[in-house]
Amino acid sequence: MAKHAITLNINGQQMDVAVDSRELLIHTLRDRLRLTGAHIGCETSHCGACTVDIDGASVKSCTVLALQAQGADIRTVEGLAGSEGLHPIQEGFFEEHGLQCGFCTPGMLLRAWRLLQDNPNPTEDEIRHGMAGNLCRCTGYQNIIRAVQHASEKMQSGETAAAE
Amino acid sequence: MIPGRFEYHAATDVDDAVRLLAEHGADGKLLAGGHSLLPMMKLRFAEPAHIIDINGIADLRGIREQGKALVIGPMTTESAIIDSELLQRRCPVLPEAAQLIADPQVRNRGTIGGDALHGDPGNDHPAVLMALDAEFVIRGRKGERSESVDGFYVGPYLTALDDGELVTAIRIPTPAEGHGYAYCKFKRKTGDYATAATCCLLEMEGDTCRRVRLTLTNVGPTPLRATDAEALLTGSEPTAERIEQAAQAAMSICNPAEDLRGSPEYKTHMAGEMTRRAIHKALDRARRG
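Protein chains in written order, with the working numbering: chain A, 447 to 610; chain B, 665 to 953.
Since the hints were derived computationally from the structure, they do not count as laboratory data. Since the model is a prediction, treat every value here as computed from it, not as a measurement. Incorrect hints may appear among the rest.
Heads up, simulated DSSO-like pairs for lysine-lysine below, C-alpha to C-alpha not over 27 Å straight-line [stated by the list, open to error]:
id: 1; chain 1: B; residue 1: K706; chain 2: B; residue 2: K945
id: 2; chain 1: B; residue 1: K693; chain 2: A; residue 2: K449
id: 3; chain 1: A; residue 1: K449; chain 2: B; residue 2: K706
id: 4; chain 1: B; residue 1: K706; chain 2: B; residue 2: K853
Residues from chain A that face chain B, not an exhaustive set, calculated with beta carbons under 8 Å [as the list claims (entries may be wrong)]:
id: 5; residue: T490
id: 6; residue: A503
id: 7; residue: V510
id: 8; residue: G579
id: 9; residue: M601
id: 10; residue: S603
Virtual Cβ for every residue (Gly too), placed ideally from N, Cα, C.
The task is simple: from the sequences and hints, build the whole structure.
Now the structure itself:
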């Protein structure tokens, strides 16, 4: 079967790529575009390691056809850090020991990023429910919650500073 | 794991989808949110030769009030159901149930139509829509028809929907002002299907139960309506004794399969407990208005 030409806007950059109809977005990202930040964990939409942001919503990219992302704005973990260094969410995970082996971290970071876009000052309960689609087998989650809280505070104080 | 080979078609509108279904429906599948179908295709439980993607059809999304009914597009995501101010006000049991489905990422893609029409007895919307007396508005080559949710489910993955048809809307008679509602779901962990779940909707008139609906999820080959349990409560005061009798009546129609979630006895027991909780919660909410 013939390949399909699609255009993806990934981390602000337009990328044209030819994909098979049965190709999953995570494989396009990792194997064709060499964006290997998002990981393949369970492949059954449970673990969240493949979480990326598509058109303003967190999505498990192992359960989306690449074709379905035609024209979409996608953000992956490669798009988080800026020229000034780590994004506050990455800094939060670093400072609060929010990871151990790091396999789940790219998905955690992208999910936390969207959570804080939607709700800049979440309660602990809101963080726990908001992060419920991401599994971590190392940390026991406590430090991940702290990392998100750290990022929330940092991002808000950054906004205050910018406003002043 | 990747799905087997198939030919991909993106339907541009409902007419186009009906045309594609007429052509490929017998060995094809509609792709909604994909969070039930794609996992099944990865495991080769489903191997459609054609995929008809209906994500591009804007008419199939959205929630609106139309006269005395709420009309929900089947491609409306679980997240949109949860966030809907209209549903929170008019039909809060739907956001309550949607909140208990899967996890945030899956709810961003998963749709009410996908959940309700897949025919998986573990899905939550069928029982809730059955309790709401909802109907599916169905389009096929022969035109439009409606099918009541009660009676729509024939067996696991078997519904009254033909290969050449698609659901264009879910129509729900707007529940009475101040009705009591609850969807109580027992699950092992986030993202799991129900071990057992009960939906209860009721209307009170003073101390008397004027109208009750009790439906059950994942304790039989299809969602179940506990009509005997409903009859026990209708037209009388819901005393502790009657609620217990209703829970026993609901348990008596359970016929769950044994799996990793437990034995038939255990699941039936949990269905009884979910029924008790759902009735109490719905009553409490009805009394508080």
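We went through each hint and held it up to the structure:
| no. | hint | verdict |
| --- | --- | --- |
| 1 | B/K706 x B/K945 | 40 Å, violated |
| 2 | B/K693 x A/K449 | 20 Å, holds |
| 3 | A/K449 x B/K706 | 20 Å, holds |
| 4 | B/K706 x B/K853 | 23 Å, holds |
| 5 | T490 | 6 Å, holds |
| 6 | A503 | 4 Å, holds |
| 7 | V510 | 7 Å, holds |
| 8 | G579 | 3 Å, holds |
| 9 | M601 | 19 Å, violated |
| 10 | S603 | 26 Å, violated |
Consistency note: the structure conflicts with the earlier hints numbered 1, 9 and 10.
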